[in-house]
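If you read the protein sequences in the order shown, they are chains A and B. For any residue, its number in my numbering is found by taking its place in the first sequence, counting from 1, and adding 703. For any residue, its number in my numbering is found by taking its place in the second sequence, counting from 1, and adding 359.
A few of these clues could be false.
Among chain B residues calculated to face chain A with C-beta under 8 Å, some are [to be verified]:
| hint | residue |
| --- | --- |
| 1 | Leu-372 |
| 2 | Cys-408 |
| 3 | Val-410 |
| 4 | Val-413 |
| 5 | Arg-423 |
| 6 | Val-439 |
| 7 | Pro-451 |
Derived Cβ-Cβ restraints for the label pairs, each shown as a range [as the list claims (entries may be wrong)]:
| hint | chain 1 | residue 1 | chain 2 | residue 2 | range |
| --- | --- | --- | --- | --- | --- |
| 8 | B | Gly-401 | A | Gly-803 | 51 to 57 Å |
| 9 | B | Pro-412 | A | Leu-811 | 37 to 43 Å |
| 10 | A | Gly-767 | B | Ile-400 | 25 to 31 Å |
| 11 | A | Pro-796 | B | Thr-456 | 21 to 27 Å |
| 12 | B | Ala-462 | A | Ser-839 | 26 to 32 Å |
| 13 | A | Leu-712 | B | Val-382 | 41 to 47 Å |
Quick caveat, the hints were computed from the structure, so don't treat them as lab data. The beta carbon of each residue, even a glycine, is placed where N, CA and C say it ideally should be.
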Amino acid sequence: MTAADVLLLGLGAVAVGSGLLVVTTRHLVRAGLYLVVCLGAVAGLYLVLTAELVAWVQVLIYVGAVVVLLLFAVMLTRAPIGASDDLDRPGWPALLVGGGAGLGLAALLVDAFRWTKVDLPEAGTAERLGTEIFRSWVLPFEVLSVLLLAALVGAIVVSRPDIGTRE
Amino acid sequence: MAGYLGSYATLGLLLLASVVVFVGAFSANRLLRPASPAEPIGKRETYECGVDPVGGDWAQAQIRYYVYAYLYVLFAVEAVFLFPWAVIFDRPGFGATTVVEMAIFVAVLALGILYAWRKRILTWT
């Protein structure tokens, strides 16, 4: 076991454990905070796997922005401070789908790679990603801006019912 | 401490050292200080600006504030693409074309801000 293996196992355990807490806790706000731990551990996994820029993007976008969005969404609801007992729904279908997808993917990956040893690639720095994006992937990059614009306009229209109605 | 993981090991060591300093300082404080907390009436009450709170502890936010959070997410995504761009745009083989590509990207997103502005999302009501 190398240091990278130990780190991967530890961070993976943290990610899975906090992920379980997200879905089992009865407190809505705590679920959002456990999600921070889970996404942070995933960022750590990226970092160990030398995907440097992706790891920090994960921290910036997911741990930062997306969790803020989620907590905002929680604040829109009526009164989630304290235990919400009505959160619990029959979990069996979700368990079946989630567990099935996880086990299926794990089986596929184990079968595909067996005991192949893969050396960690050269670090995915901002320079390497920038070269890739602006040399080979310019069109998807520009289309992405249109996607973001559409999402922004959609969010504005959905959150302001007075837009689009004729007076 | 060489190589990719080694450089982060230095950072990890720094974080560890800072945690040790923090825990050490507060534990030393706890060991050395006298402890006789007073319990006057109302010490553990919550209060707001010196006034006892009235009503519940939860104010339901309006949905229009959601747009601000959403704008933040969008422009965080935009900012993320600025980092790799800023590193490479003056390298040989990139130059003006790359600058124009990023300008188009930012301009399309600026249309979104323009839309929000024209629809009076940004005014505080």
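A quick look at each hint next to the structure:
{"no.": "1", "hint": "Leu-372", "in the structure": "violated, 13 Å"}
{"no.": "2", "hint": "Cys-408", "in the structure": "violated, 21 Å"}
{"no.": "3", "hint": "Val-410", "in the structure": "violated, 21 Å"}
{"no.": "4", "hint": "Val-413", "in the structure": "violated, 16 Å"}
{"no.": "5", "hint": "Arg-423", "in the structure": "holds, 6 Å"}
{"no.": "6", "hint": "Val-439", "in the structure": "holds, 5 Å"}
{"no.": "7", "hint": "Pro-451", "in the structure": "violated, 11 Å"}
{"no.": "8", "hint": "B:Gly-401 x A:Gly-803: 51 to 57 Å", "in the structure": "holds, 55 Å"}
{"no.": "9", "hint": "B:Pro-412 x A:Leu-811: 37 to 43 Å", "in the structure": "violated, 55 Å"}
{"no.": "10", "hint": "A:Gly-767 x B:Ile-400: 25 to 31 Å", "in the structure": "violated, 42 Å"}
{"no.": "11", "hint": "A:Pro-796 x B:Thr-456: 21 to 27 Å", "in the structure": "violated, 51 Å"}
{"no.": "12", "hint": "B:Ala-462 x A:Ser-839: 26 to 32 Å", "in the structure": "violated, 20 Å"}
{"no.": "13", "hint": "A:Leu-712 x B:Val-382: 41 to 47 Å", "in the structure": "violated, 26 Å"}
The structure fails to meet hints 1, 2, 3, 4, 7, 9, 10, 11, 12, 13 from the earlier list, while all remaining hints are met.
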